[in-house]
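Chains as they are written, first to last, in our numbering: chain C, 85 to 217; chain F, 2 to 279.
Honestly, the hints are just simulated from the structure, not real lab data. Just so you know, these numbers come straight off a predicted model, no measurement behind them. Fair warning: there could be bad hints in the mix.
Stated by the list, open to error - Across the chosen pairs, the derived CB separations fall in these ranges: (1) F/Asp-187 <-> C/Asp-200: 53 to 61 Å; (2) F/Ile-220 <-> C/Gly-201: 43 to 51 Å; (3) F/Pro-84 <-> C/Thr-213: 22 to 30 Å; (4) C/Gly-165 <-> F/Pro-77: 18 to 26 Å; (5) C/Ile-197 <-> F/Thr-74: 27 to 35 Å; (6) F/Ser-260 <-> C/Arg-202: 26 to 34 Å; (7) C/Arg-202 <-> F/Gly-240: 54 to 62 Å; (8) C/Val-162 <-> F/Ser-260: 15 to 23 Å.
Think of the CB as a built atom: it goes at the ideal place given N, C-alpha and C, for glycine as much as any other residue.
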Amino acid sequence: MKRASFGCALALMVSSIVPLFAHHSPAAFDRTKEVTLKGTVKEFRWQNPHTWIELNVPDGKGKTVLWGVELTSPTYLVRAGWKSNIIKPGDQVTVIVNPVRTGEPAGIFRKLILADGRELTERPARLGTPDSK
Amino acid sequence: MRLSRTAVTIVTIASMAAACNTAPAARPAPAPDSTASPEEPGKQLSALAPENIAKTRPRAPFDVTGNWFIDVTENPDAWRFGPPYPELTAAAQVHFDASQLAAKEGKVYRDDIGQCWPAGLPLIMTRYWPMAMIQIPTAVYMVSGFMNSLRIVYLDGRSHTDPDIIVRTFNGESIGRWDGDTLVVDTIGFRADHHWMDQGGASIPAGEQLHIVERITSINDGKQLEIEYTMTDPEHWKGEWKSTKRFNRVNDEDIQEVSCLPDLNEHLQSTTSKVQVR
Numbered sequence: 085m086k087r088a089s090f091g092c093a094l095a096l097m098v099s100s101i102v103p104l105f106a107h108h109s110p111a112a113f114d115r116t117k118e119v120t121l122k123g124t125v126k127e128f129r130w131q132n133p134h135t136w137i138e139l140n141v142p143d144g145k146g147k148t149v150l151w152g153v154e155l156t157s158p159t160y161l162v163r164a165g166w167k168s169n170i171i172k173p174g175d176q177v178t179v180i181v182n183p184v185r186t187g188e189p190a191g192i193f194r195k196l197i198l199a200d201g202r203e204l205t206e207r208p209a210r211l212g213t214p215d216s217k
Numbered sequence: 002m003r004l005s006r007t008a009v010t011i012v013t014i015a016s017m018a019a020a021c022n023t024a025p026a027a028r029p030a031p032a033p034d035s036t037a038s039p040e041e042p043g044k045q046l047s048a049l050a051p052e053n054i055a056k057t058r059p060r061a062p063f064d065v066t067g068n069w070f071i072d073v074t075e076n077p078d079a080w081r082f083g084p085p086y087p088e089l090t091a092a093a094q095v096h097f098d099a100s101q102l103a104a105k106e107g108k109v110y111r112d113d114i115g116q117c118w119p120a121g122l123p124l125i126m127t128r129y130w131p132m133a134m135i136q137i138p139t140a141v142y143m144v145s146g147f148m149n150s151l152r153i154v155y156l157d158g159r160s161h162t163d164p165d166i167i168v169r170t171f172n173g174e175s176i177g178r179w180d181g182d183t184l185v186v187d188t189i190g191f192r193a194d195h196h197w198m199d200q201g202g203a204s205i206p207a208g209e210q211l212h213i214v215e216r217i218t219s220i221n222d223g224k225q226l227e228i229e230y231t232m233t234d235p236e237h238w239k240g241e242w243k244s245t246k247r248f249n250r251v252n253d254e255d256i257q258e259v260s261c262l263p264d265l266n267e268h269l270q271s272t273t274s275k276v277q278v279r
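Assemble the whole structure, with the sequences as input and the hints as a guide.
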């Protein structure tokens, strides 16, 4: 698979969410960069420990690149207003991710923008404190 | 509808715990003053055997039953057991240094948890997932929201299993006893491969000699648990490695069925990325 270039924008930013909910190390992701992906949902898997989105993104050269986007567990997505049917295969969406450091087409989720303009994010993986309610 | 094995186990244990906690005065006559099986003298009774549960024991100073989540209010890195780290042996230093180098290069050193190996003790206690605990007179059953990892702390007076027959595990074998208002838990019998004390640039292996003592107290009117960890492993560090953690009671969330299934990492490219150092 080729790395998507068209339709992707990089921006410096500082992470405010430490993805320790993950079953894997977060160090694979470059938290100083954002990539904006505009594409078509291939799969949205609502499951533990991670939800994921597979997104076909045009590369601007007549081909599409399949991106894998890793999200937190449904526990925290529900707290942020998500539902299991909020997106489905074929939907046109925009997803902002922190990419993996190697340039491979994969990233950890930052924001979803639906076709109607609604925006969805995650809640920090934290329970048992006032800010987790 | 088919219930998962974990769900059935939890419901069974919870029912038993409720029975134990709500009707202590109505219990039948106490069992013989032993945790040994009457059918097979010398054989340990199960912690869930009615005769074992019904044995007369001093009332537990507190009950840890509930869902608990590591307190990261002040420090998001509070899940880690260092720094400070103890003085490492050469066997551990090589891994620590390699993980530091990998971190500087933006890589991930031997992230076995990410490859679906169990986190193991102590890290399983402080993952950013709730830990369900169910206390009965003979044991505390812990099920982590992270991969439903099971940990059992026996309170029925048994001794550690003979080292020649113990089955080494990532959470080890935990034996608890009450010391005043403190629950003291002694854990040995760890599996050493793919088992780490820390990660993310501070990879320190856990060995078969790992010995963890936890002193658990209930604080803040039962809203928090405080656990003082004292950990030794002469293969990997010198002296005692100490750390104190607090856990917040979670009343608005239950653990769920969570598994590291074969298709998980197939869809999470970061776990198979070139950034991973094996």
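Report task. Note whether the CB distance of C/Arg-202 and F/Gly-240 lies within 54 to 62 Å or breaks it. Result -> holds, 55 Å
Report task. Please test the hint of 27 to 35 Å on the beta carbon pair from C/Ile-197 and F/Thr-74. Result -> holds, 31 Å
**Report entry** Supplied distance hint 15 to 23 Å, evaluated on CB atoms of C/Val-162 and F/Ser-260
**Finding:** With a Cβ separation near 19 Å, C/Val-162 and F/Ser-260 satisfy 15 to 23 Å, so the hint holds.
Query raised in the report: Is the gap between the beta carbons of F/Asp-187 and C/Asp-200 within 53 to 61 Å?
Result: holds, 58 Å
Requested in this report: Evaluate the given range 26 to 34 Å for the C-beta pair formed by F/Ser-260 and C/Arg-202.
Outcome: holds, 31 Å
Query raised in the report: Taking 22 to 30 Å as the hint, is the beta-carbon distance of F/Pro-84 and C/Thr-213 inside that range?
Result: Given a distance of about 24 Å, which is inside 22 to 30 Å, the answer is holds.
Query raised in the report: Are C/Gly-165 and F/Pro-77 spaced within 18 to 26 Å by their CB atoms?
Result: With Cβ atoms ~23 Å apart, the hint holds.
Query raised in the report: Is it true that the C-beta distance of F/Ile-220 to C/Gly-201 lies inside 43 to 51 Å, as the hint says?
Result: Since F/Ile-220 and C/Gly-201 have Cβ atoms about 47 Å apart, the given range 43 to 51 Å holds.
Hint compliance for this structure: every hint is met.
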